[in-house]
Amino acid sequence: MKMTGADIFVRALEDLGVDVVFGYPGGAVLNIYDSLFQNTKIRHLLVRHEQGGVHMADGYARASGKTGVCLVTSGPGATNTVTGIATAYMDSVPIVVFSGQVPTLMIGNDAFQEADIVGITRPCTKHNYLIKQTKDMARIIKEAFYIASTGRPGPVLVDIPKDVLTGSAEYHLPKEVKLRGYHPNYEGHQKQVENAIRMLLEKERPVLYAGGGIILSDSSSLLSEFARILGIPVTTTLMGLGGFPGTDPLSLGMLGMHGTFRANMAISHCDVILGVGARFDDRVTGKIDEFAPGAKIIHVDIDPTSIQKNVPVNIPIVGDLKDVLRKMIKLVKGTKEAAKYRKKIAPWRDQIAQWKSTHPLAYKQGKGRIKPQYVVEQIYQITKGDAIITTEVGQNQMFAAQYYLYDRPRTFLSSGGLGTMGYGLPAAIGAQVAMPGRLVVDIAGDGSIQMNIQELATAVQYRLPVKVVILNNGTLGMVRQWQELFFQGKYSQTCLPQVPDFVRLAEAYGAAGFRATKPGEVPQVLREGFAADGPAIIDILTDPDAMVYPMVPAGAPLTKMLLV
Amino acid sequence: MRHTISVLVENEFGVLSRVSGLFSGRGFNIESLTVAETLDPTVSRMTIVTSGNDQIVEQILKQLNKLVAVIKVVNLTGAETVDRELVLIKVNAEPETKAEVLRLVDIFRAKIVDVAPRCYTIEMTGDEEKINALIQLLKPIGIREVVRTGRVAIARGM
Ligand SMILES: Cc1ncc(C[n+]2csc(CCOP(=O)(O)OP(=O)(O)O)c2C)c(N)n1
Chain G
1 MKMTGADIFV
11 RALEDLGVDV
21 VFGYPGGAVL
31 NIYDSLFQNT
41 KIRHLLVRHE
51 QGGVHMADGY
61 ARASGKTGVC
71 LVTSGPGATN
81 TVTGIATAYM
91 DSVPIVVFSG
101 QVPTLMIGND
111 AFQEADIVGI
121 TRPCTKHNYL
131 IKQTKDMARI
141 IKEAFYIAST
151 GRPGPVLVDI
161 PKDVLTGSAE
171 YHLPKEVKLR
181 GYHPNYEGHQ
191 KQVENAIRML
201 LEKERPVLYA
211 GGGIILSDSS
221 SLLSEFARIL
231 GIPVTTTLMG
241 LGGFPGTDPL
251 SLGMLGMHGT
261 FRANMAISHC
271 DVILGVGARF
281 DDRVTGKIDE
291 FAPGAKIIHV
301 DIDPTSIQKN
311 VPVNIPIVGD
321 LKDVLRKMIK
331 LVKGTKEAAK
341 YRKKIAPWRD
351 QIAQWKSTHP
361 LAYKQGKGRI
371 KPQYVVEQIY
381 QITKGDAIIT
391 TEVGQNQMFA
401 AQYYLYDRPR
411 TFLSSGGLGT
421 MGYGLPAAIG
431 AQVAMPGRLV
441 VDIAGDGSIQ
451 MNIQELATAV
461 QYRLPVKVVI
471 LNNGTLGMVR
481 QWQELFFQGK
491 YSQTCLPQVP
501 DFVRLAEAYG
511 AAGFRATKPG
521 EVPQVLREGF
531 AADGPAIIDI
541 LTDPDAMVYP
551 MVPAGAPLTK
561 MLLV
Chain W
1 MRHTISVLVE
11 NEFGVLSRVS
21 GLFSGRGFNI
31 ESLTVAETLD
41 PTVSRMTIVT
51 SGNDQIVEQI
61 LKQLNKLVAV
71 IKVVNLTGAE
81 TVDRELVLIK
91 VNAEPETKAE
101 VLRLVDIFRA
111 KIVDVAPRCY
121 TIEMTGDEEK
131 INALIQLLKP
141 IGIREVVRTG
151 RVAIARGM
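So the sequence lines, in the order shown, correspond to chains G and W.
Its first residue numbered 1, the first sequence is counted upward by one per residue in this note's numbering.
Its first residue numbered 1, the second sequence is counted upward by one per residue in this note's numbering.
The shape of chain G in the complex, shown without the other chains:
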């Protein structure tokens, strides 16, 4: 039986198990919205801005491991998704974005609400499609989900002209995907794995360096098992937080620009790095020629382009971390060598413990202004480390990374690669949709939160009880910090004197608003906000002079940290 393109679209999503779509309608996708009307299998959430919709799909995906879906109209609807797509691309998040397009015959004519979104998103999608015929719709949708969620995950955009939606074809969803040019390699090379273990065991000062790949591949428990068998300290990137328990004695915390002293010292003084699912990006390595000068590097990643891109690697292993870590565990588990090794590297762990005790993360909360670090610590204590935390970008993001300890994967959602202000609130909403029973908290800045504040309406409409804690310092704090340190304190355009009254703003949206102005009020106000029925904004007036330390200035080696 023939079906319309729009019906095929909806049916394909159903058959692929999609249960949530974040979307925003418009002329080019009216037919899809018509097919979705009163559909009971797919829940559609009406967002307030397409960028928010993509971040929600992204937050949904990061929190659940499933592929997030976003649906928008042509032209401005499509271009509004670009920041969200680029954000997901940089952090390898599996999402599929569907955009409407003008009818095929009008493409290229500068038709009303036409944008070449396939051209625009080519460099920030894993792959993208323009569907030209209704009969290709089901196959392409199947491929899109397959590409987004396999190998190194990433966003896929599918552009659908209006006549493809109104046309009709037989519905046939292929069982398998056959793509000549796409064969992710999951199996790590056994010999290389053996070489890696041999190299590791020869050394005395090892560090495990874990990135977002650990979380994307769901291999954090394997990582913990492996690290404990050999007693190797683990540092994670921002994206890797939660990939190894932050409270584990072997945890070094985050490394890099705002990493802990011990993590940066350890990586700079180690003699071997086992990098897993990380990409040695500039925020992690600092000055590249002086990165880990004495270390051999073993690098495991599913994406061959990540390997050898920034640093020369001694032993490259392309494969799924799950497979490679299993192979590694098999080689060492219960062996005498492992026991010997744990003992051999004890002095190294002692050295690290000493770095930790001489230079812990530190701040002082006096009677005066509220310190943002204190707020994050209080959030940690009140939630017992059990919340899903999303962040905006800036100081709020770094404090959330430093002062909340993440013991489980998929509990810290942050725009790491692109650093997108405005990510946190919609991502929190997406995460809440995926995890209805969990407490989801966006740790925000007063600058960032204003970039997608409109999504508060979405949270209220769908009764998604996300909590936004604004570290309200009245400034674009992180930029101001750079001006303080590197531009002689000339605060050019970083003061936000016109911050709205967030409590009343929350109320205007139908959410609850809370405020703390003194340190003593913080725990109580947080508790009240978290206990509130629906979504809440908790506005906390913090010290504008607070700075994120340690800090490795851009382009400096990791050992040249600015400390408190």
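Heads up, a few of these hints could be off.
Below, a list of computed lysine to any residue pairs in the SDA-like style, where the Cα atoms sit at most 25 Å apart [claimed, not checked]:
no., chain 1, residue 1, chain 2, residue 2
1, G, 132, W, 132
2, W, 111, W, 132
3, G, 135, W, 44
4, G, 178, W, 22
5, W, 66, G, 120
6, W, 72, W, 12
7, G, 41, G, 79
8, W, 62, G, 192
9, G, 287, W, 59
10, G, 191, W, 44
11, G, 135, G, 172
12, G, 178, W, 125
13, G, 560, G, 293
14, W, 66, G, 305
15, W, 62, G, 323
16, G, 309, W, 132
17, G, 132, W, 8
18, W, 62, G, 283
19, G, 135, W, 15
20, W, 98, W, 125
21, G, 132, G, 34
22, G, 327, G, 337
23, G, 178, W, 42
24, G, 287, W, 56
25, G, 203, G, 178
To be clear, the hints were calculated from the coordinates, so they are not data collected in a lab.
Using the hints, position chain W with the ligand against chain G.
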């Protein structure tokens, strides 16, 4: 160092911009790029000449491989290959230089494919060195325009 890379791609719209966009977006350099259909009409072959150190070329090969529309990537550099380029050269042909032009055409086994009152159009295929040599020798006579196809290459034997 210069590399010749042969890339089999899906023969569909947008593939060329995926590949060229990859080069421009990542700051890789393209010296020449040719595309045409292969025996299998669903597949096209691109021959790309690029340059860079080993690390850059390794990245180029990996990044190309990562594109979903790319089926196969082969670096022909160092392998035994035959490579050719075609050139069309429009050169001045005044009464006093005509003979010299004809002589060069003959020596290089090129062809004159168009004759106008005061100029000839020469066609030649060959490797890059040979083409460069002909251009150098024609320059003093007065070249009006040069159109080159860029290199195509194929592995020897097999
Ligand atoms: C969309 C976007 N624009 C600009 C920036 C540059 N930027 C990085 S941090 C920052 C300041 C953020 O201010 P705020 O949200 O108040 O957070 P704070 O640093 O004060 O915690 C800016 C402007 C960015 N990361 N994203």
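Hints versus structure:
Annotation: proposed proximity of residue 132 of chain G to residue 132 of chain W is violated, straight-line Cα distance about 44 Å (limit 25 Å). Proximity of residue 111 of chain W to residue 132 of chain W is assessed by CA-CA distance (about 16 Å); at most 25 Å being required, the pair is judged to hold. Under the criterion of a C-alpha separation no larger than 25 Å, the hint pairing residue 135 of chain G with residue 44 of chain W is consistent with the structure, at around 24 Å. The straight-line distance between the Cα atoms of residue 178 of chain G and residue 22 of chain W is roughly 24 Å, inside the 25 Å bound, and the hint therefore holds.
As the CA atoms of residue 66 of chain W and residue 120 of chain G are separated by approximately 19 Å, the hinted pair is consistent with the 25 Å bound. At roughly 15 Å between alpha-carbon atoms, residue 72 of chain W and residue 12 of chain W fall within 25 Å of each other, so this suggested pair holds. Between residue 41 of chain G and residue 79 of chain G the CA atoms are separated by roughly 28 Å; this puts the pair beyond 25 Å, and the hint is violated. For the hint linking residue 62 of chain W to residue 192 of chain G, the alpha-carbon distance of about 19 Å falls within 25 Å, and the restraint holds.
Pair hint residue 287 of chain G plus residue 59 of chain W holds up; C-alpha atoms about 21 Å apart against a cutoff of 25 Å. Distance check on the hinted pair: residue 191 of chain G and residue 44 of chain W sit about 36 Å apart at the alpha-carbon level, beyond 25 Å; violated. For the suggested pair residue 135 of chain G and residue 172 of chain G, the alpha carbons sit about 8 Å apart, so the restraint of at most 25 Å is met. For the suggested pair residue 178 of chain G and residue 125 of chain W, the alpha carbons sit about 40 Å apart, so the restraint of at most 25 Å is broken.
Taking the CA atoms of residue 560 of chain G and residue 293 of chain G, the gap is about 14 Å. The hint holds against a cut of 25 Å. At roughly 8 Å between alpha-carbon atoms, residue 66 of chain W and residue 305 of chain G fall within 25 Å of each other, so this suggested pair holds. For the hint pairing residue 62 of chain W with residue 323 of chain G, the CA-to-CA distance comes to about 22 Å; that is within 25 Å, so the pair holds. This hinted pair does not check out: residue 309 of chain G and residue 132 of chain W have alpha carbons roughly 35 Å apart, beyond 25 Å.
With a C-alpha separation of about 23 Å, the suggested pairing of residue 132 of chain G with residue 8 of chain W holds against the 25 Å cut-off. With a CA separation close to 23 Å, the supplied pair residue 62 of chain W and residue 283 of chain G stays within the 25 Å bound. Of the pairs offered as hints, the one joining residue 135 of chain G and residue 15 of chain W holds, with about 21 Å between alpha carbons and a cut-off of 25 Å not exceeded. Under the criterion of a C-alpha separation no larger than 25 Å, the hint pairing residue 98 of chain W with residue 125 of chain W is consistent with the structure, at around 21 Å.
Restraint check for residue 132 of chain G and residue 34 of chain G: the C-alpha separation of about 21 Å stays at or below 25 Å, so the hint holds. Using a Cα cut-off of 25 Å, the hinted pair residue 327 of chain G and residue 337 of chain G holds, with the two alpha carbons roughly 16 Å apart. With a CA separation close to 15 Å, the supplied pair residue 178 of chain G and residue 42 of chain W stays within the 25 Å bound. The straight-line distance between the Cα atoms of residue 287 of chain G and residue 56 of chain W is roughly 19 Å, inside the 25 Å bound, and the hint therefore holds.
Of the pairs offered as hints, the one joining residue 203 of chain G and residue 178 of chain G is violated, with about 44 Å between alpha carbons and a cut-off of 25 Å exceeded.
Violated hints, in rising order: 1, 7, 10, 12, 16, 25; the structure is consistent with all others.
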